[in-house]
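A.B. asks: Using the hints, position chain B against chain A.
Line by line, the protein sequences are chains A and B. My numbering puts the first residue of the first sequence at 139, with every later residue one more than the last. My numbering puts the first residue of the second sequence at 366, with every later residue one more than the last.
Hints listed in this document are in silico derivations from the structure and should not be mistaken for laboratory results. Because the structure is a prediction, the values reported are computed rather than measured. The reader is advised that the hints may include incorrect statements.
Claimed, not checked - Here are the simulated lysine-lysine pairs, DSS-like style, with alpha carbons at most 27 Å apart:
#1 A:Lys-778 x A:Lys-790
#2 B:Lys-583 x A:Lys-790
#3 A:Lys-297 x A:Lys-778
#4 A:Lys-790 x B:Lys-581
#5 A:Lys-297 x A:Lys-242
#6 B:Lys-581 x B:Lys-450
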Amino acid sequence: MAPFDIAIVSVFLMASPVILAPCCAKSRGLTIYLSFAVTAAASLAAVAAGILAVHYGTNTSAIVQMGLPDLPFHLRLDPLAGFFLCVIGLLSLFVSIYSIGYVKGFSPSRPIVRFVVFYALFIVGMLLVVLADDAFFFLVAWELMAASSYFLVMYEDEKAENRRSAYLYLVIAHVGAIAILLSFGVMAGLANGFESFQGYTFDSMRATTYPVGWATAAFLLSFFGFAAKAGVIPLHVWLPEAHPVAPSNISALMSGVMLKTSIYGIVRITFDFLKFFPWWWGGIVLVLGLISAVLGVLYALMQHDLKRLLAYHSVENIGIILIGLGLSMIFTSFQFPVLAALALIAALYHTLNHAMFKGLLFMGAGAVLHATHERNMEEMGGLIHRMPWTSVFFLVGCVSIAALPPFNGFVSEWLTFQAFLLSPALQRPILNLLIPLGAALLALTGALAAACFVKAFGVTFLGHWRGHQSIQRVHEVGWHMRTGMMLAAVTCFALGIFPTIVINWMDVLPERLVGGRIAASAGAYGWMWLTPYARERASYSGFNVFIGIMLVVFVVWLLLHARKKAVHRVPIWDCGFEKINARMQYTATSFSMPIRRIFGFFFHIREESQAVEPIRHPAYPEKLQYRLRVRDRFWNWLYKPIGEGAFFIARKIGNLQQGRIQVYLIYSLVTIIVLLVFLG
Amino acid sequence: MTTSFAAQVNSIMAALILLTAFGLLVQRRILGLLHLFAWQGLFLCLSTAIVGYVTGVHHLFISSILTLTLKVIVLPYILYALIEKLHIKKEIETLVNIPATMLIGIALVIFSYHLTAPITQLSTLVTRSTLAVALATVMLGLLMMVTRRHAVTQIIGFLALENGLFFAATSATYGMPMVVELGVALDILIAAFIFGIFFFHINTTFDSLDVEQMAKLKEED
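Same shape as in the complex, but just chain A (with noise of 0.2 Å):
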């Protein structure tokens, strides 16, 4: 079968769901489990059809004939489509088998139909956007996405914040998808002169050289689009609001691939519809990229829920995407084919990486919230002795997510600070400016982020049990759910010791897309090095990192062991204290503490400690209570202000409306006579 075919097989059976669902509702059992292994199968069937597609370069489109009269879908399987289908697919195949654990433990008075018919719908809603070829069509899948997305962000609509997110979520979504559809507009009305609607193929878009103006507008506009849906500063607030609240697995589904599909816009129309770009729009990424990426990570730092921690990561995350892709764009319009490959393929890399590493941390934190049914860091600790597995894959997580090697981030984030160092002087000194301190910029946000996960994993699993329950109802979750983190984990795994194979594989995409190739390069020295530009600049093998590592591991095992001696468990040494207890450990805000006060004119901070006076001397307090509220700033600076605004002149306009007949007419009389006079 030929990539296309498989495709569009994966979409059909992913779409199953829907309609078998609704017939075993009878059996919830039977409801669960047959629909999300048909979303398993059709999410390997996805995966297939994009490794193949990219393997061979496949090209193939297809025209189906619904929709509006005369304005047919068209859909299209190239490189760049089965790459991100592979993404997608790779993702929602270990979520569906994730899933079936976690849905089960969902209480038994929910509805899960409507869950499983939206789920379905969304990651079909994803697969469509990456394989249409048109306007009308990417539109219509996009909103699929949207929708079913905002539906299942409400799934546990009977809290008011939930219903508050979610629909924040549809409105910075909707905005979005205003932009996107405006570029479209602008793009297909000058392949295509205004008067037809033939220019919506994204055939005709290819075909066509732009203006500089108008590819300038058409840019602009699709990126405010796809950076509304992927979380880009300042238009992030959606995300630490609707990831929290939404179940894990869409959680995981939403992070790890949906923000990627605009991605995948950004490219879409970038590299393969506009082409031929001035330097500064690559300029205007890099700049956003790394706003998003610092401020990601700083306000991550902040955050004691653990879910709100991960949904500012994938700030961060989609900041270091966007910087690869904007030093892809500078390098590009300076005709430095090589370097444009080697940045883009390491946004691409980290693409991918973030999707297996945030879905890995956003199963591993549903895991957790399964168990404690908590989302608060500080109602934790000490976890790792009854919840092992979900521990380790959650460390690998981390550690994967914190840029340290083998794991597969350090891959993508080296590539990117390659693509930095090996930058020559451009014509620009801004940009001479800009991209040593980019370079600066991403390496503050890798330490940042390393810090920011020892406090997550530390918290969380270190330690002792801070929570008001007792732990001993905190039970290892089944084997359906460590299967779906497990498999995440082995990838993030592979990815960081296979890097030559995965960039000889998607080599294919900036051949395409700039012109350039580093596969031969990077390759150069076997699959043990990577080497993407020449190996006295730079080499890395993360194979060899990791049997270092587990030298040292077994010699440090050696020495413990092998003196015969069993190793015994004692108290923890106390300092002098009779009684060490939990509540004496470090906190998450204690542990943040140190940069909130270093980085504190980016946060909001409202910080309140009182002495609850004791009947005896207030000299004595009995106890002090400890207040702290840190917010973004962006909501008070920005969208008060445009909110307020916007009601304000609501209700000036509101004003005409006075309710009585006479004032209506009076505007009728007078409108026909303006017209008369100046038409007239």
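C.D. replies: Chain B alone, transformed into the frame defined by chain A:
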């Protein structure tokens, strides 16, 4: 009857229609309004008949008869029955005082003449001089709706406005096609029924036919 004589007669009819339109603006009592409206319909009917006779466009006779039945007999009768039923005979107050309304009305008439001057110069129809009056009647009807606060007077204003439109059609193009005119006549009839139902509901809801009361329906902020 020669064409020029017909044009003269038609102009007199136009003048009378304009006069009744001003009459509608100033009349305070509701029965008086009804009478004036019936007179306006009669003049309109005569004017249409004259134009039809002179130009030989015979379907204008049918229009004329329709006008006579509907606007001189049926509609005034329906409104009269309504007024009787709802016991509203008292004087009705206007929003703007009457001299001011008159002044605005005069300004609107001058405006209409100014506006139709270029059309009148180009046209060769017998009725060309009456176009300005027709437009003025439309404006005065609208003005009446704006300045009155009683629902029945607003309906009369609306019907006067429709008279103006009809007159404009006759004077600008010797009438609309037959089908359209029949349709419009039917619409007017149906509108009258709907108004009747609305009056009834407004009256039962607010215990008055003063449309000012409907401002209560507006949502408070």
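A.B. asks: May I ask which of the numbered hints given earlier this structure violates, with the numbers listed in increasing order?
C.D. replies: The structure conflicts with no hint, since it agrees with every one listed earlier.
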